[in-house]
Amino acid sequence: MRIRGVAVVAAALLAVGALLASELLAGGRSYGSGALHNPCRPRHVLPGNTADRTVQRNVMRALDYAACRSHQSREDLVLGLAAKGFDLAKEAKGGFDIFELARLLAVLLGR
Amino acid sequence: MAGAARGIRLAVLVTAVALAFADSSIVVLALPDLLRAFHTSVTGVSWVISSYNLVVAVAAVCLALGARHLSPALLVRSGIVLFVAASIACGLSNGLTTLVALRSVQGLGAAALLAGSLPLARSLGSTPQRGERLWALSGAIGAALGPALGGALTQAFDWRAIFLAQAPIAALAVWATLGPLPAVAAEAARAGRLRRLGANTALAAVSGALVGALFLVVVLLVDVWNLSPLGAAAVVTAMPAATLAARAALGRTGVATVAAGSITLAGGLAGMALVPSSRLGWVVASLLLCGAGLSLTVPSLTRAALSASSRPAASATWSVAARHAGLLIGLVLLTPVLARDLKTGTDRAERSGTAVVLDAPLRLETKLPLAIDLARQIQHTPHGSLPDFRRQFRSAERGSDERPRLERLRRDLDGTIRAVVTRSFRRAFLLSALVGLLALLPLLLLRREHA
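Taken in order, these protein sequences are the chains called A and B.
Counted from 1, the first sequence has number 44 at position 44 by this note's numbering; the numbering is strictly sequential.
Counted from 1, the second sequence has number 109 at position 109 by this note's numbering; the numbering is strictly sequential.
It is possible that part of the hints are untrue.
Covered, in the sense of this in silico footprint (three residues per stretch, anywhere, with C-beta under 8 Å from a C-beta of chain B), are these stretches of chain A [unchecked claim]:
{"#": "1", "segment": "28–41"}
{"#": "2", "segment": "50–62"}
{"#": "3", "segment": "65–72"}
Capping the alpha-carbon separation at 20 Å, the derived lysine to any residue pairs in SDA-like fashion look like this [what the hints assert, rightly or not]:
{"#": "4", "chain 1": "A", "residue 1": "Lys84", "chain 2": "B", "residue 2": "Leu333"}
{"#": "5", "chain 1": "A", "residue 1": "Lys84", "chain 2": "B", "residue 2": "Ser46"}
{"#": "6", "chain 1": "B", "residue 1": "Lys343", "chain 2": "B", "residue 2": "His69"}
{"#": "7", "chain 1": "A", "residue 1": "Lys84", "chain 2": "B", "residue 2": "Arg427"}
{"#": "8", "chain 1": "B", "residue 1": "Lys343", "chain 2": "B", "residue 2": "His380"}
{"#": "9", "chain 1": "B", "residue 1": "Lys343", "chain 2": "A", "residue 2": "Gly80"}
{"#": "10", "chain 1": "B", "residue 1": "Lys343", "chain 2": "B", "residue 2": "Leu172"}
{"#": "11", "chain 1": "A", "residue 1": "Lys84", "chain 2": "B", "residue 2": "Asp347"}
{"#": "12", "chain 1": "B", "residue 1": "Lys343", "chain 2": "B", "residue 2": "Pro369"}
{"#": "13", "chain 1": "A", "residue 1": "Lys84", "chain 2": "A", "residue 2": "Arg57"}
{"#": "14", "chain 1": "B", "residue 1": "Lys343", "chain 2": "A", "residue 2": "Ser33"}
{"#": "15", "chain 1": "B", "residue 1": "Lys343", "chain 2": "B", "residue 2": "Phe157"}
{"#": "16", "chain 1": "A", "residue 1": "Lys84", "chain 2": "B", "residue 2": "Pro361"}
{"#": "17", "chain 1": "B", "residue 1": "Lys343", "chain 2": "A", "residue 2": "Ala83"}
{"#": "18", "chain 1": "A", "residue 1": "Lys84", "chain 2": "B", "residue 2": "Gln377"}
{"#": "19", "chain 1": "A", "residue 1": "Lys84", "chain 2": "B", "residue 2": "Trp225"}
{"#": "20", "chain 1": "B", "residue 1": "Lys343", "chain 2": "A", "residue 2": "Leu79"}
{"#": "21", "chain 1": "B", "residue 1": "Lys343", "chain 2": "A", "residue 2": "Arg69"}
{"#": "22", "chain 1": "B", "residue 1": "Lys343", "chain 2": "B", "residue 2": "Arg405"}
{"#": "23", "chain 1": "B", "residue 1": "Lys343", "chain 2": "B", "residue 2": "Arg398"}
{"#": "24", "chain 1": "A", "residue 1": "Lys84", "chain 2": "B", "residue 2": "Thr416"}
{"#": "25", "chain 1": "B", "residue 1": "Lys343", "chain 2": "A", "residue 2": "Ala66"}
{"#": "26", "chain 1": "B", "residue 1": "Lys343", "chain 2": "B", "residue 2": "Leu333"}
{"#": "27", "chain 1": "B", "residue 1": "Lys343", "chain 2": "A", "residue 2": "Leu36"}
{"#": "28", "chain 1": "A", "residue 1": "Lys84", "chain 2": "B", "residue 2": "Gln379"}
{"#": "29", "chain 1": "B", "residue 1": "Lys343", "chain 2": "B", "residue 2": "Gly231"}
{"#": "30", "chain 1": "B", "residue 1": "Lys343", "chain 2": "B", "residue 2": "Ala285"}
{"#": "31", "chain 1": "A", "residue 1": "Lys84", "chain 2": "B", "residue 2": "Ile378"}
{"#": "32", "chain 1": "A", "residue 1": "Lys84", "chain 2": "B", "residue 2": "Leu430"}
{"#": "33", "chain 1": "A", "residue 1": "Lys84", "chain 2": "B", "residue 2": "Val222"}
{"#": "34", "chain 1": "A", "residue 1": "Lys84", "chain 2": "B", "residue 2": "Pro382"}
{"#": "35", "chain 1": "B", "residue 1": "Lys343", "chain 2": "B", "residue 2": "Leu430"}
{"#": "36", "chain 1": "A", "residue 1": "Lys84", "chain 2": "B", "residue 2": "Asn226"}
Since the hints were made in silico from the structure, they are not lab data.
Built from N, CA and C at the ideal position, the CB exists for glycine as well.
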């Protein structure tokens, strides 16, 4: 009876261990960590020699530089700028909308 | 023939018992529908679940203390009448306050039904022990089956069907209380108060841990992984299936089996905390462990809680109170943890999603307008909810020669947001696993008394 009890507990530990080990091996520990790149370190993004890629790479470098200087992630900087842009767009009733201007700029650059 | 009739009466009775236990979690998959129907908050709608468990726990304690002279058949009959009437009224209710009030009445009926049903099950079983075993097993299966049953009914009809469908099934159980009942000699106390206390405390801990498997998994599948109620119901069916399979595989049980069950249940919940992707296979594997853990713990602990006294009705009622109090404590403990982590999780998801869009290999003329539209959509999504970007991507794909890249970006963005928000459930799942492991401590009391 005692041996059976030990066997049942051992089987439970084995089943749990097998599931957890396979999850950890499949990347369960880091899944969804959402780790962001440090903007103060160089990153390799958007390879290519077209004018579009060159412009984008330069914009990204500028964003990384500004983010590094202001001790925040590039993503926080962009989200902050977007939030300010929305505020400006709200205030500019009948005037210019910064996002419409950005759209126009993007289309012009594409050409 | 008399034996067959007795068997059918017992089956009908334990089905009603399983239903009363299933009602603790049966509404979980209908919560999004209820939110829409009553234009209310998540906290408001969570009272549809909490009120039932709270009233069952409180009423069970009152019944255990004060209803020792009431006939079990009378308790079951009055409980079923209340339960059935409240179920029909719940199905017809048009306001959240009314629904919560009626759920409380339903809980009152369930408490009376559960309090009186064990002595009846003991009388109707071929042996009192067999009746007791079936009563305990129906509780475990009912609890595991609740979300799947509710999800299937919500998808096939709507949330009202959950309440209306259970009324006739519960009403049938009145028949089990009619007619002569064989007398069962009162058993001498097989063990002491310490054993009963240990078993009930462990039952409360297991029930608290079940909040992770019954509620958190469903919220994750429906609200984060976007499964339909029926799809989520199909996934969570893994749990009752494992409960039945493990029961069939194991014969006699003891303290070691219960310990193995607590470890398995906690392991399944830890498995949910560490899912490495949003593939359903990981959820099914974790739920199989949870179901097996449930099967190894709840029936054995319930029997241990019942075996302590010569008044099985009172013992059964204490065990019902312990289980529902455990569920309630689990809800109170885990809900704020999840709410807080989801808030920070959605903020993290926003940042990670921004990184995905910035690094996407799209031309600027495609990327910039899309990024602006996505940012606008995030601005319009209520805080704590996940944004739906389908419309923005459809608009960007229209007439674009970068469709395959846009399609890949949409997939990457969905995957990143889903992964980050899924991780927000990690602490709540680990906490529920820890609560499940707490069931090991009271087992020492069972062991000591056993020795």
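Comparing the hints with the structure gives:
With a cut-off of 8 Å between beta carbons, the segment 28–41 of chain A has 8 residues touching chain B; three or more are needed, and the interface restraint holds. Counting residues of the segment 50–62 of chain A whose CB lies closer than 8 Å to any CB of chain B gives 4, so the stated coverage by that chain holds, three being the minimum. A stretch counts as covered by a chain when three or more of its residues have a beta carbon under 8 Å from one of that chain; for the segment 65–72 of chain A and chain B the count is 0, and the coverage is violated. About 38 Å separates the Cα atoms of A:Lys84 and B:Leu333, which puts this hinted pair outside 20 Å; it is violated.
With a CA separation close to 36 Å, the supplied pair A:Lys84 and B:Ser46 exceeds the 20 Å bound. Restraint check for B:Lys343 and B:His69: the C-alpha separation of about 51 Å exceeds 20 Å, so the hint is violated. Straight-line distance between C-alpha atoms of A:Lys84 and B:Arg427 comes to about 34 Å, which puts the hinted pair past the 20 Å bound. In summary, the hint linking B:Lys343 to B:His380 is supported, as the alpha carbons are separated by about 16 Å, within the 20 Å threshold.
Straight-line distance between C-alpha atoms of B:Lys343 and A:Gly80 comes to about 18 Å, which keeps the hinted pair within the 20 Å bound. Between B:Lys343 and B:Leu172 the alpha-carbon distance is near 46 Å, which puts this suggested pair outside the 20 Å criterion. With a CA separation close to 17 Å, the supplied pair A:Lys84 and B:Asp347 stays within the 20 Å bound. Restraint check for B:Lys343 and B:Pro369: the C-alpha separation of about 27 Å exceeds 20 Å, so the hint is violated.
About 23 Å separates the Cα atoms of A:Lys84 and A:Arg57, which puts this hinted pair outside 20 Å; it is violated. Pair hint B:Lys343 plus A:Ser33 holds up; C-alpha atoms about 15 Å apart against a cutoff of 20 Å. Between B:Lys343 and B:Phe157 the CA atoms are separated by roughly 32 Å; this puts the pair beyond 20 Å, and the hint is violated. Taking the CA atoms of A:Lys84 and B:Pro361, the gap is about 26 Å. The hint is violated against a cut of 20 Å.
For the suggested pair B:Lys343 and A:Ala83, the alpha carbons sit about 18 Å apart, so the restraint of at most 20 Å is met. Restraint check for A:Lys84 and B:Gln377: the C-alpha separation of about 16 Å stays at or below 20 Å, so the hint holds. For the suggested pair A:Lys84 and B:Trp225, the alpha carbons sit about 32 Å apart, so the restraint of at most 20 Å is broken. Between the alpha carbons of B:Lys343 and A:Leu79 the distance comes to roughly 17 Å, so the proposed pair stays at or under 20 Å and holds.
Distance hint between B:Lys343 and A:Arg69 is unfulfilled; the C-alpha atoms sit about 28 Å from each other, more than 20 Å. Between B:Lys343 and B:Arg405 the alpha-carbon distance is near 30 Å, which puts this suggested pair outside the 20 Å criterion. As the CA atoms of B:Lys343 and B:Arg398 are separated by approximately 34 Å, the hinted pair breaks the 20 Å bound. At roughly 25 Å between alpha-carbon atoms, A:Lys84 and B:Thr416 are farther apart than 20 Å, so this suggested pair is violated.
A C-alpha spacing of about 27 Å is found between B:Lys343 and A:Ala66, which places the hinted pair above 20 Å, so the restraint is violated. Taking the CA atoms of B:Lys343 and B:Leu333, the gap is near 17 Å; set against the 20 Å cutoff, the hint holds. The hinted pair formed by B:Lys343 and A:Leu36 meets the criterion: a straight-line CA distance of about 18 Å does not exceed 20 Å. Pair hint A:Lys84 plus B:Gln379 holds up; C-alpha atoms about 12 Å apart against a cutoff of 20 Å.
The straight-line distance between the Cα atoms of B:Lys343 and B:Gly231 is roughly 26 Å, outside the 20 Å bound, and the hint therefore fails. With a C-alpha separation of about 28 Å, the suggested pair B:Lys343 and B:Ala285 falls outside the 20 Å cut-off, and the hint is violated. Using a Cα cut-off of 20 Å, the hinted pair A:Lys84 and B:Ile378 holds, with the two alpha carbons roughly 14 Å apart. For the hint pairing A:Lys84 with B:Leu430, the CA-to-CA distance comes to about 39 Å; that exceeds 20 Å, so the pair is violated.
Restraint check: the Cα-Cα separation between A:Lys84 and B:Val222 comes to about 34 Å, which exceeds 20 Å; the hinted pair is violated. Pair hint A:Lys84 plus B:Pro382 holds up; C-alpha atoms about 19 Å apart against a cutoff of 20 Å. Pair hint B:Lys343 plus B:Leu430 holds up; C-alpha atoms about 18 Å apart against a cutoff of 20 Å. Of the supplied pair hints, the one linking A:Lys84 and B:Asn226 is violated, its CA atoms being roughly 32 Å apart against a limit of 20 Å.
The structure is inconsistent with the numbered hints 3, 4, 5, 6, 7, 10, 12, 13, 15, 16, 19, 21, 22, 23, 24, 25, 29, 30, 32, 33 and 36, although it conforms to all the rest.
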